[in-house]
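Participant: Next come the chains, spelled out residue by residue.
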Amino acid sequence: MPGWKPPDMTALPTRKLEAWRYTDLRPLTGITFATPPALSAPDLPSLDLPRLVFLNGAAAPEFSADLPFAGAFVPPDAEDVLPLAQINAAAARDGATLSVPAGQDAGALLLFAQAGGETAFAMHPRHRIVLGEGAHLTLIEIAKGNGEYWHNPVFDIALAKGARLEHVRVQQESEAAFSLCTIRAEIGEGAAYEHFTAAIGARISRTEIHATLVGEAARADVNAVELLRGTQHADVTTIIRHQAAGCPSRQVVKAVLADDARGVFQGRVEVAPGAQKTDAYQMTRALLLSPRAEMDIKPELEIFADDVKCSHGATIGALDDEQLFYLRSRGIDELTARAMLVRAFLDDALAPVEQPQARGLLDEAIESWWRRS
Amino acid sequence: MSVSTVEALAEQKYKYGFTTEIAMEEFPRGLSEEIVRLISARKGEPDWMLEWRLKAYALWRKMEEPDWARIKHPPIDYDDLYYYAAPAAPAPKSLDEVDPELLKTYEKLGIPLNERAALAGVAVDAVFDSVSVATTFRETLSKAGVIFCPISEAVREHPELVRQYLGTVVPAADNFFAALNSAVFSDGSFVYIPKGVRCPMELSTYFRINARNTGQFERTLIIADDEATVSYLEGCTAPMRDENQLHAAVVELVALEGAKIKYSTVQNWYPGDEQGRGGIYNFVTKRGACRGRNSKISWTQVETGSAITWKYPSCILQGEGSVGEFYSVALTNNFQQADTGTKMIHLGRNTTSTIISKGISAGHSNNTYRGLVKIMAGAQGARNFTQCDSLLIGDQCGAHTVPYIESRNASAKVEHEATTSKIAEDQLFYCRSRGLSQEDAVGLIVNGFCKDVLKELPMEFAVEAQKLLSVSLEGSVG
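If you read the protein sequences in the order shown, they are chains H and U. No gaps in the numbering here: position 27 of the first sequence is 74 in the numbering used here, and each next residue is one more. No gaps in the numbering here: position 204 of the second sequence is 224 in the numbering used here, and each next residue is one more.
For reference, chain U alone in the conformation it holds in the complex (with noise of 0.2 angstroms):
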């Protein structure tokens, strides 16, 4: 491909770059015990949630930003955030009270919201910037006993469940962003699927920044109780800024007795324009807990979004025979930097995981993958297979594989296989010679490289992730 059309396709185009001018709510710029409070009021919180953040808080104080991974970024001034940030009028009791610019917001983003939504048979629980705005399908949901409500509704109207389970899998004390979430994160979904129940159509939620300099901190629990099983999408966009934004999620899964959970996120946060400014710096913490006996959990990334992607969805496999899955995709381009994977830890007989992660580096971007596979000395039988490819597509980029595998059970077996290439030149010349455009047979096999994990993503997702694939691309193959 000849430099200039290289050129031409480097404007690189993200659509979901506008903003959605509606008033919205601030509190002041920086974090402290005041603004924490201020949170937990605004929430109508109990005290012991606000015990539970400040506790958190003062954790935070003590903790120093993690320098670990591979990736780099100027110094995150975390007194120049803001905090909450929510639109100003007070929340909707239904669809038409919803602010008519939110929605047109949430249509140009494709999420089946109103009508389309019945169609698709989706259940969506948006969270815009810090609020959980509308929440669609309660009542086919709650005819099965399933509450899918935001997670500051649940505070109030579920104490039990969310005392019981909150922190349990990521606790405050966990890291540095999962400290900062716990003391102020603002909303998120909570999902409890009683016993024996399958929940009856996909659950979704779509979070967007909007607001300038606000950093998101949503934060979702997801409890399958015995025999339960549930799907739930998460999607992300955010404006095209110059400013690097925050983003610290932290969610937690709990799989009991013979229960599934099938996590699945497509990550397209701004990543910054073609030369590095601006873009999402995404730090997020996720972890499942299999606690009962053959419970499974399976996470499905693709992340093509995002300036930074701080991010290692794993699980904790203590049930014996439980289950845990992690099919990922990262693909990073111009200057965006991933370090992401998964951790799978053994603890119960017969547990078994599975790592599919596939990534790809264009443009100037890094891209790392960062697991670990911990065999514990009880975990008799435990099975575990990893394969991590990565492919380059040009000479200025990294790609880089840093597995940790420990086993401390002979029983257990473990495997891993880590590869690294370049599109290769017979594959291109096939499909050009179909008379497919260099761009279109890049995106072609790309795809390829990427299909076991996209397999895995519910249908309307992998359409979406293709494409997704398709447009970060766009202008880094020559």
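Next up, chain H with everything else stripped away, as it sits in the complex (with noise of 0.2 angstroms):
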């Protein structure tokens, strides 16, 4: 790839930094990440979906489809806050840029990136979403792949007022890899934000999602699910801004953990002063089907205004014997029943996403990895 560089490490963020207390990335330290090799037979899923296809981080027209709204890449700002971000942007060379405009439902879009190669290598791609006031998209988001790398998206949202975006992920890295996710979302007046991510793939796994409601009556939705085996690691980490009054969100993160997975939850609601008449809700439950695995919660709620509403929930537990033994006693046997239970746990974070291939696509998922564990 052009101008390529690799990644400064020495960015990487350590667990002394409160926010990632939960993830330490010294694995990615004894690992040279090299230029991204091509990749030239994608395994392209059959969703009769417009797709944009990202190959080992790079555009591929080829297999993508021509969209009026999408533009050519724009470099990143040089300077970025987040420790994540800042690497992303010295190394950003590719994302997709998507920029819809006013009034317009641009309908449902594959943003489909696949990885693989001989050795380690990175890829940070930019991508950037606008929607123009009251348009729609539905973005819904594939990464998978095999071998070693270090996938490390940034995603910038901007939401004009009445706009809605939906947003879909379905992550599943090669589990060799580690996939480092930061999404940012500014949304306005009336706006909608609707998250949702499966973290299914990857060693090690983050998903970090700031969605900052700047404008009244603006909202908030992000769901997830982490489904995860083995030594697995994966972490969503949240933090939703209410800056502006009358702003409702809501998040309901799942984890389901086999094995020797860690599950990883922080979830930070602000609420600035002023935001009045905020309503968050915040959910956290996780299943620990293994007796070695660990799930790590840390739900915050900051609040600096006095006429709101909010409240989070959290539990850890394992599966409930009385449910599993009313199953059997129907005469389901014991896989089923188990598979049953998992799958009613996971519903409430799964209810919100509607669009009809999102949700087949996350219905596979899930029987897949529940298949395989």
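Worth flagging that the hints you see were computed from the coordinates, not collected in a lab. None of the values given here were measured: they were computed from a predicted structure. Hints are not guaranteed to be accurate.
[Unchecked claim] Dumping the calculated DSS-like pairs for lysine-lysine here, alpha-carbon to alpha-carbon at most 25 angstroms: (1) 63/H <-> 92/U; (2) 471/U <-> 356/H; (3) 475/U <-> 442/U; (4) 442/U <-> 280/U; (5) 208/H <-> 324/H; (6) 442/U <-> 356/H; (7) 363/U <-> 92/U; (8) 63/H <-> 82/U; (9) 356/H <-> 208/H; (10) 280/U <-> 363/U; (11) 471/U <-> 363/U; (12) 475/U <-> 487/U; (13) 356/H <-> 324/H; (14) 280/U <-> 163/U; (15) 324/H <-> 280/U; (16) 63/H <-> 363/U; (17) 475/U <-> 363/U; (18) 92/U <-> 75/U.
[As the list claims (entries may be wrong)] Stretch by stretch, here's where chain U covers chain H in the computed footprint (C-beta under 8 angstroms, at least three residues): (19) 327-336; (20) 362-373.
By construction, the Cβ of each residue, glycine as well, lies at the ideal position given by its N, Cα and C atoms.
With the hints as a guide, bring the two chains together.
Facilitator: Pasting the structure below:
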């Protein structure tokens, strides 16, 4: 790739930073990340949707639809406050640039990223999504691959008044990969950002979402599931900033952890002075399927306005023996019964995903995870 | 409520703000090895105690003040403090020898130090600045085999117990303020309840900071031997002063097999004035170890005072089936800052913990709940329930919740819930329509909000705590 620079490993955040308390990136430091090799034959999903394809971090126009609202890559600002975005800023050479004009419904779009190579490599795409007033887009994102690599995408999202973006991510990266994704969304008056992440792949993954509600009655929905096994580690970190009055936010995060897996959820809701009538809800539940699995949760509320309704809840536990017994007594075999309970456990995190293709994709991803585990 | 009424009410009263003029003995300002030696010598301590202090002092010198809490204050000049202040007269043998001025002080505070004590049935160990002034009811207690005395006395008379337990729950190296306390602690209470004994009365210590520029560094150690039970009350006040004063206490609790310790605090140190001038900096390390099977430690705190509260009473649940509880009300008004919560560390099988925290913020204050629930791999069948509720009064204050939940055992069940809200208009309207004033209505609703915690307090404390909540909120509603 032209202009490629190796990532600045000294800029990696350490566990000494409170925001990185539960996710240790030291495993990355021992690896030399080379230039991404060329990848020519992608394994495209059979989804009947216009798509943008990125192979090893580079746009692949030959596999992509020609979209009127897609533009050329715009390099990011050189300086960034977030350590991973800073590394991305120095190294980003490609990414999707989407700008849906006011009043337009752009329908659903697939953003497909595939990675693979003989030796370890790193890619730092920078995606930009801008929706004009009243515009709509459903962005379905699939990230997959094989081999050892580091995928460090950054999304910069801006939603104008009354715009709506559904963003559904299915992260099925290689189990030797590092997937560290930063998403920043600025949500204008009456606009809505509806996010869903399924963190299924990667050796270490983190999805860090900063949703800033800047206009009145703006809305952020951030839902996620973590489905982990082996020694996988997944971290979902959210920062929802209520800066305007009358904004609702809703977060439901579910983790199902098998073997020695470790799940992390850190979620902070910040309510600025003057952001009255905020209605913020957050729920995290973890199901430990193995005695060696670990879940760490840090739900945070930071509130500077008095007329607000903010709540969070968190639970960690195992499958309920009584529920299992109930199903077994109805003649359902143990494995099916467990699958049913796990599926039911995930349900209210999945419920907000209404787009049928996105929903189908998620159901399939969960199904195949369960079969493998 | 109109602006003028708010202003009129804003003149918040701190009724414990008087000072007592009595001759004090103080060591020179600042902290050095010399001061540590002086304190130790003044206490007539054995060599091992001095060694212990010096070790802690050396550790402290190398440590840095923690900065992770949500509190802001100008840097504390540790070399500008007095580390020891005591009434100048030699230690009294009985109540009659106690300086009458001092007794008057306690009378004003409403402490049952003399005859009233008998009626109230409370044994009080009153700590005035740094020295334990008088300890009542020692006879009754000693009949039951209970040791309740100033810790300085315990160091001399029960060295085997002190050496066995001191610093085993909160080691000197634990944190900056614990190290400082270990080096310079001047007094505090020592309690030992022998095997199978239920302490015949509630034990109580009253702390008061009187002298200017003094830090208060008391150290409390409570040991409940097998099947023993004790309830301990602690209250705190300080005079009104413009400058800030430092309080860095350490409390260690040890519960052996089947033992139960209930530790209740009403903390009403001077909170500073309505501009945020003055007030106590309260940096306290409190921790209990449930070492024996089926032991139980219960912390109840009502925190209405101090300019800054930095305090996390914790339980280490080591013994199988042991129980930890934390019930807390933290109220901040004006420019007060509280960063408080608990840690429940589950090590043993079938250990359970309950956390109920109620935070109330008013004025320009900031109130943070910070807590950790940690389930270790061996804590089979452990159970935790946490509830943190915050109430905001006014739009200039902040309420924050920072819970850490870490589980490494699939058979453990952890539940956490938190809410933040303001006083509902319909609740207020209901009370007002029954003829209650705005102030009384808010007081009533706040007390209702805190009920789950207040009901855990011993009766005499519960009454005081309710009054305190109302007084502390004066001038904050409108």
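Participant: Looking at the structure, which of the earlier hints fail to hold?
Facilitator: Hints 4, 15, 18 are the ones this structure does not satisfy, whereas the remaining hints hold.
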